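Each protein sequence line maps, in turn, to chains A and B.
What the first sequence shows, in our numbering, is residues 1 to 339, in sequence order.
What the second sequence shows, in our numbering, is residues 1 to 339, in sequence order.
It is worth saying that the hints were derived from the structure and are not from the lab.
These figures come from a predicted structure and were not determined experimentally.
Hints are not guaranteed to be accurate.
All copies of an identical chain are treated as equivalent in the list; a pair is satisfied when it fits inside any one copy or across any two copies.
[Unchecked claim] Listed next, the in silico BS3-like pairs over lysine-lysine satisfying Cα-Cα at most 30 Å (straight line):
#, residue 1, residue 2
1, K283, K47
2, K47, K176
3, K283, K176
There are 2 protein chains.
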Amino acid sequence: MARVAIVGATGAVGTTMLEILSERGHEPNELRLMASSRSAGRVIATKWGDVTIEDLATADPSGIEVALFSAGGGRSREFAPAFAASGAVVVDNSSAFRMDDQVPLIVSQVNDHAVADHHGIIANPNCTTMTLMMAAGPLHAAAGLRTMTATSYQSVSGSGQTGMDVLAHEIDVLGKDRELLAKGGWSEPGSDLYSRPIGFNVLPHAGSFAEAGYTDEEWKLVNETRKILEAPDVLVEPTCVRVPVMVGHGISATMHFERPVSVAEANEVLANAPGAQLWDDSKVPTPLDSAGIDDVLIGRVRQTLGEPGGISLWTVGDNLRKGAALNAVQIAELVLDTR
Amino acid sequence: MARVAIVGATGAVGTTMLEILSERGHEPNELRLMASSRSAGRVIATKWGDVTIEDLATADPSGIEVALFSAGGGRSREFAPAFAASGAVVVDNSSAFRMDDQVPLIVSQVNDHAVADHHGIIANPNCTTMTLMMAAGPLHAAAGLRTMTATSYQSVSGSGQTGMDVLAHEIDVLGKDRELLAKGGWSEPGSDLYSRPIGFNVLPHAGSFAEAGYTDEEWKLVNETRKILEAPDVLVEPTCVRVPVMVGHGISATMHFERPVSVAEANEVLANAPGAQLWDDSKVPTPLDSAGIDDVLIGRVRQTLGEPGGISLWTVGDNLRKGAALNAVQIAELVLDTR
């Protein structure tokens, strides 16, 4: 494999990127790990030997062929253009460039063809959108998606390691003092990560409020779906909710197409969808089933009881893997394959 | 107050019925508590003195004026008709009689008028439907509901005390052994209550599978909504999901009406809805906020981004209180008021 850098190497997604490079048998010609100055100097043991974390702010990107960024939108905006200018292809996991016309937004195995149009930066979609597209993409290709209502069950690791720390803390310490938990009376760690407790609770509010009463997380579902599916007119009704799950984002979706789609047709399309497993109702897929595996799981495929002719289904995927690190590595593979 | 019996007095809902009778200042002329033979003979300390649990199978219903049943559909089918025949008005919390044409299905403060048509049995709706109707009912009255997509986040107490025991067990004991939890390898208590672990997980499968790939819980949302709103043609698309929350059922809903409805109009309707609190986006209502209070909480009211002209919102309520025990007591109050 090429000379690779992982930017944000100490985070939940960066760590998973390292695992996935290893699992997929890659042998980088060079591997560089970068993070904020806080982590610089730490030595990480990798399959390919020990690597010392470099300070992103001072690292020289020369010679890097592929840079996997997962260090937040601010750092991507600040540093990704310089990496691209020095010759690297940046695969960026943040939202910084996703809606940029010059930047392809790729769900590997759904719209791989768009990789060809890059100008040095390729964006990795939002983790909830990613999981949903693994089902919606093939169905759209078959029948033309017209409307989609999508309601999420997003795990705390979507907020990074801090999200997992907050949930573990609330469950372990404050599970014994439910009254304190209800009042939101905890202090450490990450007390300002969520607006309300997440232990024994759900928050119908993932991300920050943006236009029209929808959160930025919900707008991502709308806008990224349209860009990935190349369907600017598709109508998406999003609701993003955080749930007390460590890993695995679930989405309940109802879709209507240009024509009625039967369950038999939907099942045939989804059974052949790459990167996805179609489960029948004898075992409904849950976040725990999806955690740690590459495939997105699809279940509960059924004809709509509401507006006729549509399909309702449930999809769940590991938000750190397909929802982030795996897809970034898959994009890198596409780039290296097509050079 | 009249001579009252609580049937299923030792369960999560029966216990809450006792609390609510007390909180609302009722002084029953007689209070009888009944349960299965397992609990018969136990003495319960109530606000009105000690009461010995009677065995439902052998109890004589003579003289009872109002019987609040929450002992499961089987016991309701077996015993409620005899209670009604002996002169009691039965308020039944099970699904046994809900769709019976001779049985009113009442969400107090939404369709109180239908109480008048009873023939000895009145049904209390499903807890998820109940919470949703507190928002959908007033909006339907204002603008005529045409379609509704409803996706639930249902707490484990909807499965009774066993549900809470299972979640506590999985969190406390198996939270330390995530691998065992993932495999579903626990044994006690209530190991057969849910098909998969609920701790650190969500189950997109509440209830049992019924027709067309929907669960009985989902069909209740469809059929009970139509009956309560007297809107047999309303199109409901239901998805019911269990989440690791102790108390409080949340529902994300998107509604379209006979005409476009603005956020301003919806907010005005919902701000005046009895038994409900409308919260703005400065504090989104969560299950923990709803637990232990009577009002259903409504938030995130917004114009649809998908099909135009509709309203999306979030509603959450205490499934043991408004979702079950409180509404049953409110129905009893309606019956006693109108005698």
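Against the structure, the hints come out as follows:
no. : hint        : verdict
1   : K283 / K47  : neither (36 Å within a copy, 46 Å between copies)
2   : K47 / K176  : between (41 Å within a copy, 28 Å between copies)
3   : K283 / K176 : between (33 Å within a copy, 25 Å between copies)
Going through the hint list in order, the structure does not satisfy hint 1, though it satisfies all others.
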